[in-house]
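Enquirer: Sequence:
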Amino acid sequence: MKSLAMAVLSLSMAAAASAQADPGLKITRNGSQPSAPGPAENFTGAVRVDSRFSAEAPARVGGGLVTFESGARTAWHTHPLGQTLIVTQGLGLVQAWGGPVQEIRPGDVVWIPPGAKHWHGASPTHGMAHYAIAEQLEGKAVDWLEKVSDPQYRAARQAPAASSAPAPASPTPAQRLLGDVNPKLAQLTDDVLFGDVWARPGLSPRDRSLATVSALIAMNRPDQLRSHLQRARDNGLTEQELVEAITHLAFYAGWPSAVTASTVAREVFRQK
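Using our numbering, the first residue of the sequence shown is number 323, and each one after it goes up by one.
It is possible that part of the hints are untrue.
[Said to hold, decoys possible] Calculated pairs, DSS-like style, for lysine-lysine (alpha carbon to alpha carbon, straight line, at most 25 Å): (1) K439 <-> K469; (2) K348 <-> K439; (3) K469 <-> K506.
[What the hints assert, rightly or not] Simulated restraints, written as ranges between beta carbons of each label pair: (4) Q497 <-> N364: 24 to 30 Å; (5) G576 <-> Q552: 21 to 27 Å; (6) G384 <-> E563: 24 to 30 Å.
It is worth saying that the hints were derived from the structure and are not from the lab. Cβ atoms here follow ideal geometry from the backbone N, Cα and C, with glycine treated the same way.
Turn these sequences into a full structure, and let the hints steer you where they fit.
Expert: So this is what it looks like as structure tokens:
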């Protein structure tokens, strides 16, 4: 018995040592960091920065989710090791010094070479959000320069964007649902609702999803809820959080609405 106890103790100590040696994963939960306004000296207009991250040495990468209200943009700047932008919402603009302005849309990935002077931001009529990712060189990831003046911004937007990528050929969800019967409503859904309202910096996409899902549960709108539950997961809400919202709303919106929402959630969660 004593030998067995010693063996178990040895295994436990080895497991503990192994666990201490393994640094494990570092997860910064969505919404766990407060939003930060874009510094006025580096941005024009309303800008918010969320989900900031910075890797520990020897890694050098860092970044965050930057949300621009319509008309907002960065100052001219450069990155010693370049920068990657991943557009998530709205309609944006990017321009390298001496080059044409180009439109950027959700799903687009932009690479800015090291040392290239450039700016990026929202269009005059639509907000935009993107993840910005860059590496540090000797402790610095960006060199800020002069601001993009209003005349520069207007001239850039009015110039013909010969090299701009054409709009995606595949129809949007709104176009698929409404385009044949009500094309104007489909356009307003894409341009105003998702292109502007959802891209405004006042709320994060995650918070907007939670508010929208809650409203659809309360109004018992299963068809719209189905697509917004998927969008909510894409925006960082977990299945557990969505189920908890349904349970909470049962006491305020009624049991039938919560039961319907639970059925829709089951369908959506099975589509992983």
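Enquirer: Would you mind marking each hint as holding or not holding in the structure?
Expert: These are the hints, each one checked on the structure:
no.	hint	verdict
1	K439 <-> K469	12 Å, holds
2	K348 <-> K439	33 Å, violated
3	K469 <-> K506	37 Å, violated
4	Q497 <-> N364: 24 to 30 Å	37 Å, violated
5	G576 <-> Q552: 21 to 27 Å	24 Å, holds
6	G384 <-> E563: 24 to 30 Å	27 Å, holds
Of the numbered hints given earlier, the model fails hints 2, 3, 4; all others are met.
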